[in-house]
Amino acid sequence: MEIQPRSRRETRRLIFLIAPSLFWLLVFFLFPLVLVLAISFGQRGTYGGVEWSLSLQNYRRFFDPLYLRIFGRTLLIALTTTVICLVTGYPLAYFIATRPPRWRNGLLLLLMIPFWTNFLIRTYAWLLLLRDQGLINMLWTGGLHNALLWLSNTVPLPVWGRLLEATSTSLSLFGTNGAIIVGLVYGWLPDMVLPCYAAIERLDHSLVEAAQDLYANRVQSFLRVILPLTMSGVVAGSVLVFIPSLGAYVTPDLLGGAKSVMMGNVIYSQFMSARDYPFGAAISFVLMTVMLVGTLIYFRLGTES
Amino acid sequence: MRRLMMRTIGLGLVSVILLMLAVACGGRDGGGGEQELAQELHLYNWSEYIEPQVLADFEAEFGVRVIEDTFSNNEELLAKLQAGATGYDVIVPSDYMVEIMIEEGLLAELNHANLANLGNLDEKFSDPPYDRGMVHCVPYLWGTTGIGYNSDVFEEEPDSWSYLFDPEIASQYAGRITMLNDVREAMSAALKYLGYSLNTTDEAQLAQARDLLIQQKAWVYAYDTEQYEDLLSADEIVLAHSWSGDIFMAADEDERLWYAIPQEGGVIWADNLCIPNTAPSKYTAEVFINFLLRPEISAANSNYAWYASPNAKAAEFIDPQILDEPAIYPPSDVMEKLEWLEDVGDATPIYERMWTEVKAAGP
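One line per chain: the protein sequences are A and B, in this order.
Under the numbering used here, think of the first position of the first sequence as 13, with each following residue one higher.
Under the numbering used here, think of the first position of the second sequence as 17, with each following residue one higher.
One should not assume that every hint holds.
[What the hints assert, rightly or not] Partner residues aside, some chain A positions facing chain B, computed with beta carbon under 7 Å:
hint : residue
1    : I82
2    : S285
3    : A286
[Stated by the list, open to error] Here are the simulated distance ranges between beta carbons:
hint : chain 1 : residue 1 : chain 2 : residue 2 : range
4    : A       : L304      : B       : E271      : 47 to 57 Å
5    : A       : L88       : B       : V151      : 50 to 60 Å
6    : A       : G84       : B       : Q337      : 45 to 55 Å
7    : B       : D168      : A       : Y136      : 19 to 29 Å
No lab work stands behind these hints, which were simulated from the structure alone.
C-beta atoms are modelled at their ideal positions from N, C-alpha and C, and glycine is treated no differently.
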């Protein structure tokens, strides 16, 4: 194929057309990125300023068992969040997408309504649920315990004893990794459901029927027809959930009781309390690179299959 | 309440507000250091840290409208100023942060000729170690860091750090203790329990403090700087590493809560009125600071926030309940054991690393 050389005028018009987006990228993406990169090679001044230099020391500091362990935990929490979102979000998206068209928008709206409330307030709400004296524990040690007590008095069975014992003390839900994951899943679920929904809605159902005509059972037609055809939604949803989970820092602080740190918290404290901008910048850059590489691989895998 | 506002809200909202302020104030002519009052004064303060009536009185007397913004910790304040935020006339950093800001050249020198009421200050506070001679700042209110507790649970006042660190005592309150989510404060508590200075830069001492905090972590419900007084009130916890004023303010609503200064000593801190270099109207700021130094005004703020006033002449206007409370105005033997937090300079990343190790420990 031969590419026709563009006329000058055309080139000029093209530049004119892409100029706004180019400008946007330059000012809001490239420039800050270069700045972060430049700072990451510097060193912390005694009182917290940046002393410019060209040292890789901050990157070396990152590859320390302490930070690698935190990074590993962050990765694990983000992955778990993504998987849970996928496993719960995909069926939900499928359910909504297979309702009659007049229902769909209403159902999507119901999904979105809670998310009109600020993320922080919703996280605080979870705090009230998960606390030792919170709603869940009130039901656990109050409602459920009393119900079991009544049951054990009316129907004597050996199982009650153990259950009664379990419900007599409150569950420690707050301040655990579980609480962090609950908060993250709750926070990012719509980001999984919406892309999946878009992909499933576009799905041509005659293909599924064709698969069934060819004696594929439900599992086979799901795995070999529906899933591959909606893979774009799964990939987009996973990326949309994984990336913010990886950078989370409010959720571990609030629901995790600040007892375990994720990378977001480490970066935050480097900038705010240690005032070690160069190290904070280096960590941010490593994290960004990992996200970028991970996303690229994932997209490639997703589009190939 | 001090540091109540989520620092995250701060991060998002305040930066937007700052941006707007920067734009709004950029166009205004700066008032140029003349002895003329500006129409507005921008105060950047801790939340619930000034009697609202005081601001109204200032406006009534001088015709200057005070616009208040709030921050939730010193580091946030510094980060904003370092990031180039302008437009604030008066800021309220704590002692060690004043030291840093002076080093960073962020503060203007005060013209003492405009501060006739400086003489009202108590001698103990008129030559602070972090700013000798009050060249850059004037003490506003002061307090301590100690232990907030539920007095229903304790027959004796828990006036020792051992309630938080001694394995035999602290384990009795497992899961019902919070520590301040602040490197310097948490490390200070551990260092004081071990009998060290809370400004130490000795790595071996810091490592000991870190190990103590890691051991303590099993009994800690949360590291929290924002809502420990609510958690105490909700019976979620019984002991909280606390800033004095937070607990006294909460005790207004729940009288079971009280506060003790540990006998081993702790942190004494003061928040200070300073004028950033970039202040649009330095003269108006000085008039405002001088106004806050009036005995009855200083007392009003003290009565409002439940922190001690460094103003000697304010004593007669301060609520006797506050004045006679040893946990607010400690007796001299306790006073001697209190230490100011000083900036530890190059040791800051070491502190931060130790703290991260504490946070990363455990499951």
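For this session: Could you say whether the range 19 to 29 Å given as a hint is met by the Cβ separation of B/D168 and A/Y136?
Result: holds, 26 Å
Exercise. Taking the CB of A/G84 and the CB of B/Q337, does the distance hold inside 45 to 55 Å?
Worked result: Once the Cβ atoms are compared, 53 Å apart, the range 45 to 55 Å for B/Q337 and A/G84 holds.
Exercise. Do the beta carbons of A/L88 and B/V151 sit within 50 to 60 Å of each other?
Worked result: At roughly 52 Å between Cβ atoms, B/V151 and A/L88 fall inside 50 to 60 Å, so the hint holds.
Exercise. Measuring from the C-beta of A/I82 to each C-beta in chain B, is the shortest one below 7 Å?
Worked result: Result: holds, 5 Å to nearest chain B Cβ.
Exercise. Would you say the C-beta atoms of A/L304 and B/E271 sit inside 47 to 57 Å of each other?
Worked result: Check passed, 56 Å falls within 47 to 57 Å.
Exercise. Taking 7 Å as the limit, does the beta-carbon of A/A286 come near enough to a beta-carbon in chain B?
Worked result: A/A286 check passes; min Cβ-Cβ to chain B is 4 Å, inside 7 Å.
For this session: Return the status of the interface hint for A/S285: holds when the least beta-carbon distance to chain B is below 7 Å, violated otherwise.
Result: With Cβ-Cβ at 5 Å, under 7 Å, it holds.
In terms of the numbered hints stated before, the structure departs from none.
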